[in-house]
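Just so you know, the sequences run in chain order P and F. Take the first sequence: its position 284, counted from the start at 1, is 284 in full-length UniProt numbering, and no numbers get skipped. Take the second sequence: its position 149, counted from the start at 1, is 149 in full-length UniProt numbering, and no numbers get skipped.
Think of the hints as simulated: they come from the structure by calculation, not from any bench. The beta-carbon is built from N, C-alpha and C at its ideal position, and this holds for glycine as well. Among the hints, a few may not be true.
On the chain P side, residues computed to face chain F include the following (Cβ under 8 angstroms) [claimed, not checked]: (1) Glu-325; (2) Leu-326; (3) Lys-409; (4) Gly-615; (5) Ile-671.
Beta-carbon label-pair distances, calculated as ranges [said to hold, decoys possible]: (6) F/His-46 - P/Thr-410: 34 to 40 angstroms; (7) F/Lys-109 - P/Leu-352: 39 to 45 angstroms; (8) F/Gly-90 - P/Glu-364: 30 to 36 angstroms; (9) P/Ala-477 - F/Pro-40: 52 to 58 angstroms; (10) P/Arg-601 - F/Gly-90: 28 to 34 angstroms; (11) F/Lys-109 - P/Glu-16: 39 to 45 angstroms; (12) F/Lys-109 - P/Ile-369: 47 to 53 angstroms; (13) P/Glu-15 - F/Gly-90: 30 to 36 angstroms; (14) P/Glu-108 - F/His-46: 26 to 32 angstroms.
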Amino acid sequence: MSGNSIRDTFFEECEELLEALVEGLSQMEEAPEDMEVVNAVFRAVHSIKGGAGAFALDRLVAFAHSFETVMDMVRDRTLTVDEKLMALFHRAGDQLSDLVTSARDETELAPGAEACLIKELESYLGESDREEDFSFDALTLDFDGPTIDIAVEADAIPSTRLFTIRFKPGRALYENGHEPLLIFDALAELGDLKVEADLSAIPDFDSFDPSDSVLSWSLRLHTTESETTLHEVFEFVEGLCELEVSVSAAPSPADIAPPIAESAPALAPDPTPPPGPDSEATDVKPAAQGATAAPAASAREARGPKPTLRVDLDRVDRLINTVGELIINQAMISQRIEELDLPTVAHLTNELEAYKLLARDIQEGVMAIRAQPVKPLFQRMSRIVREASDATGKKAKLVTVGDSTEVDKTVIERLADPLTHMIRNAVDHGLERPEAREAAGKDVVGTIRLSAAHRSGSVFIEISDDGAGLNRERILAKAIEKNLVAPEAELSDPEIDNLLFLPGFSTAGQVSNLSGRGVGMDVVKNAVQALGGRVSINSTPGKGTTFSIILPLTLAVMDGFVISVAKETMVIPIASILETIRPNPRDIHIVGTDSEVVSVRGSYVPIVDVADSLGLERTDRKGTGILLLVSTEIQGLTALRVTAIHDQRQVVIKSLESNYAAIPGVSAATILGDGKIALILDPEEIIKLGHNAAPDLFAQHTRMELRHA
Amino acid sequence: MPETAEVRADSQFEFITFSAGGQNFCLEITQIREIRRWTPVTALPHTPRDVLGVMNLRGAVIPIFDLAARFGLGATPANERNVVIVAAVGGTTIGLLVESVSEILSVEKAAIQETPDIKSESTRHSILGMISVDETMVRVVNLDSVLEAGKGVAP
């Protein structure tokens with residue numbers, strides 16, 4: 001392994017640790033008494049510090065150390081968590097995350113960015129220093145050894161103690177690349193060490209398995225260091241070995257002499273000895289740095305080893321592509337065999353069917369590899385809420401629902417920016433100022449709700465606030481002022497709301513230093529559409545605003561109808577279709593010169609001919625064909641006319657843009673069973689194209705579209 | 001396809017020559033991935049006339065351009081013998097419909113002449129240079145310009 005990849009692994013771990021940290025902090029807010037949670041937070045900070053130390057990331061280590069020290073006091077119950085401290089922890093968590101990011105990207109954070117926080121953290125340390133009776137809680141260790149109360153030891157003058165350690169590495173210890181010798185070296189630095197190997201478990205030569213672990217060691221260590229320090233040596237092999245430590249405070253005089261001589265000078269120049277006898281100086285520092293043995297052990301019990309595997313996303317992508325080819329290939333073989341029209345092919349058909357099912361299973365399995373819970377993404381948003389409420393002086397909290405909903409990793413990554421933007425907007429523009437909330441009889445603290453759920457093959461993500469709702473008058477006035485809408489235009493409420501998504505629309509008149517709602521919402525919309533999704537707004541005055549994002553589960557496969565348009569075979573996403581209608585010619589009416597509407601259960605729905613929209617030669621006369629009812633943002637219900645529907649199937653999505661360019665009305669392509677390419681239609685775009693072709697009926701919308709074409 | 005047995009020196013370039021719209025063209029051999037028989041393609045809406053459509057190349061969707069139409073020499077008439085040259089430029093793979101592929105040409109760099117100052121700006125842009133072979137002239141196609149112009153989607 002190269003140095004670089006070890007470093008990469010560290011930063012990957014940091015990501016997980018930071019997630020655990022954020023999660024822990026939000027749990028702490030709800031249950032500050034839960035020591036499990038406090039321990040989890042402490043562990044996360046401590047592990048980051050440990051790793052950062054190995055890579056000499058000094059700033060990170062220094063900051064994590066301050067953070068950890070205060071956290072440790074919470075753990076020791078010498079410090080009670082209140083709202084102010086909680087806020088400080090949150091900010092410290094954010095800062096830690098920044099420091100990790102800058103260390104990873106090797107960019108330099110503004111010098112001293114963390115200084116202010118360190119000072120605040122250290123102000124808590126001061127309080128504890130004043131305590132007269134400094135003592136430690138008992139450490140519970142996860143083995144059958146005795147429980148040691150270090151406080152008792154504090155009475156013994158700069159004493160050495162004799163630790164008897166039994167150390168039996170497990171197989172995993174070697175597999176993870178640890179080396180007992182290095183551990184012994186580290187122990188030897190603590191004091192006088194005697195090592196004795198236990199060879200009793202070595203099997204006969206015949207049954208010897210070189211990859212197994214058979215050696216164990218008995219170690220006797222005379223040291224002035226605390227047991228915590230000793231455990232720190234074993235920190236990285238915890239769980240990978242059997243470890244028993246016992247301590248006796250009455251070492252033989254012969255053994256004491258050399259360690260004292262060695263360690264005494266080391267203790268003397270300790271720059272910040274807290275007031276009190278020397279013995280405390282010996283013990284305070286290691287304890288403050290963190291006794292990891294006990295919490296780490298309890299965590300292991302709670303979670304067990306995490307059965308996960310880190311895989312490079314590229315490899316998964318390759319696998320997904322290949323499986324996609326396999327599916328297409330399977331369809332092609334099926335079709336070829338059908339064409340052969342063999343007389344007795346029953347067994348062949350059966351086996352082909354089995355092949356089909358297996359291919360589908362593999363595909364689903366591979367897709368599942370990419371699926372990840374949205375939790376980390378949602379957690380990141382709590383920081384955005386904090387920052388946004390700090391910047392605007394509003395009070396806001398984030399409530400998340402459905403964190404465990406799994407979505408394709410690529411989708412999650414590409415959602416981060418739009419979500420950030422929308423969350424900021426929700427705080428900045430959605431929520432009222434605290435005074436206004438109070439006056440309106442609402443909770444002073446605004447709630448931003450972020451939810452995710454699976455619904456019929458799609459992922460629904462909602463961002464809602466309980467603020468004042470959209471100010472439609474102002475939006476409309478702004479749109480008219482910006483010449484986006486004709487002054488005489490009469491728009492419905494949803495139409496006004498949707499103006500926010502128009503490029504160039506901006507309520508810049510009242511934006512603060514955060515992006516305003518409306519500013520860049522077109523960017524949000526584009527980002528969501530690029531993922532094959534849709535975004536819509538729903539706002540109730542006085543009650544708040546909800547943005548709903550509907551996304552496909554994966555970017556690689558889609559359920560579609562195979563349809564004919566003129567003479568071409570195409571695919572339309574099933575998710576966008578509400579209903580299919582074989583219209584009765586009586587229900588179709590002409591409006592104006594060329595525009596048609598169909599009456600569906602009493603209401604008139606405009607018809608858009610897909611062949612017209614795509615500029616294809618129409619083979620079907622008016623009044624024939626199949627209508628696909630779709631719901632769109634701006635237009636509402638629209639019926640798309642196609643020639644026929646053939647089949648419903650899962651198709652593998654192939655990009656047109658990778659080798660060519662985006663084509664209006666077409667979102668991608670797929671390969672059908674006969675190896676031919678079929679275009680995948682984008683209903684929304686088809687309707688837009690259709691409107692441009694029939695300006696008289698939809699003049700208003702067309703005006704809007706044309707101005708942004 | 002006839003093969004030249006010459007040993008390629010460092011200063012030498014190999015080209016594959018072909019004809020499109022009755023004129024001789026060539027592409028450097030390193031840009032060519034494969035040569036395929038013509039198969040029907042899937043048409044793309046809202047595209048210029050010289051974009052014939054897209055073809056399935058082992059799972060990748062690649063656009064097929066009519067090279068003669070691209071150079072303003074009229075559409076290539078449908079013919080069983082037409083071939084598609086699959087070429088790669090940058091990270092993009094495209095197919096060029098041509099009438100026929102003739103031979104591999106090995107020439108010294110010095111033998112490639114600059115395009116003279118001809119009238120048509122677009123022609124000059126789409127030709128990198130010219131090579132004279134046995135009293136005929138072979139035009140070196142500028143693949144970048146073919147691709148760039150191809151991305152123009154008709155309004």
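Evaluation of the provided hints:
Residue-level restraint check for P/Glu-325 holds (minimum Cβ-Cβ distance to chain F is 5 angstroms; threshold 8 angstroms). Taking 8 angstroms as the C-beta contact cut-off toward chain F, the hint placing P/Leu-326 at the interface is violated, the least distance being around 10 angstroms. A hinted interface residue such as P/Lys-409 counts as satisfied when its beta carbon comes closer than 8 angstroms to some beta carbon of chain F; here the least separation is about 22 angstroms, so the hint is violated. Nearest Cβ of chain F to the Cβ of P/Gly-615: about 5 angstroms, under the 8 angstroms cut. The hint holds.
Given hint, P/Ile-671 at the interface with chain F, holds; its Cβ is 5 angstroms from that chain's nearest Cβ, closer than 8 angstroms. Distance hint check for F/His-46 and P/Thr-410: the Cβ-Cβ separation is about 28 angstroms, which falls outside the suggested range of 34 to 40 angstroms. In this structure, F/Lys-109 and P/Leu-352 break the distance hint of 39 to 45 angstroms, their C-beta atoms being roughly 56 angstroms apart. Judged by the Cβ atoms, the range 30 to 36 angstroms given for F/Gly-90 and P/Glu-364 holds: they are separated by roughly 35 angstroms.
Under the hint 52 to 58 angstroms, the C-beta atoms of P/Ala-477 and F/Pro-40, about 55 angstroms apart, fit the expected range. For P/Arg-601 paired with F/Gly-90, a C-beta distance near 53 angstroms fails the hint of 28 to 34 angstroms. In this structure, F/Lys-109 and P/Glu-16 break the distance hint of 39 to 45 angstroms, their C-beta atoms being roughly 56 angstroms apart. Roughly 50 angstroms separates the CB atoms of F/Lys-109 and P/Ile-369, a value that falls within the hinted 47 to 53 angstroms.
Between P/Glu-15 and F/Gly-90 the beta carbon distance is about 33 angstroms. The supplied range of 30 to 36 angstroms therefore holds. A C-beta distance of roughly 49 angstroms is found between P/Glu-108 and F/His-46, which places it outside the suggested range of 26 to 32 angstroms.
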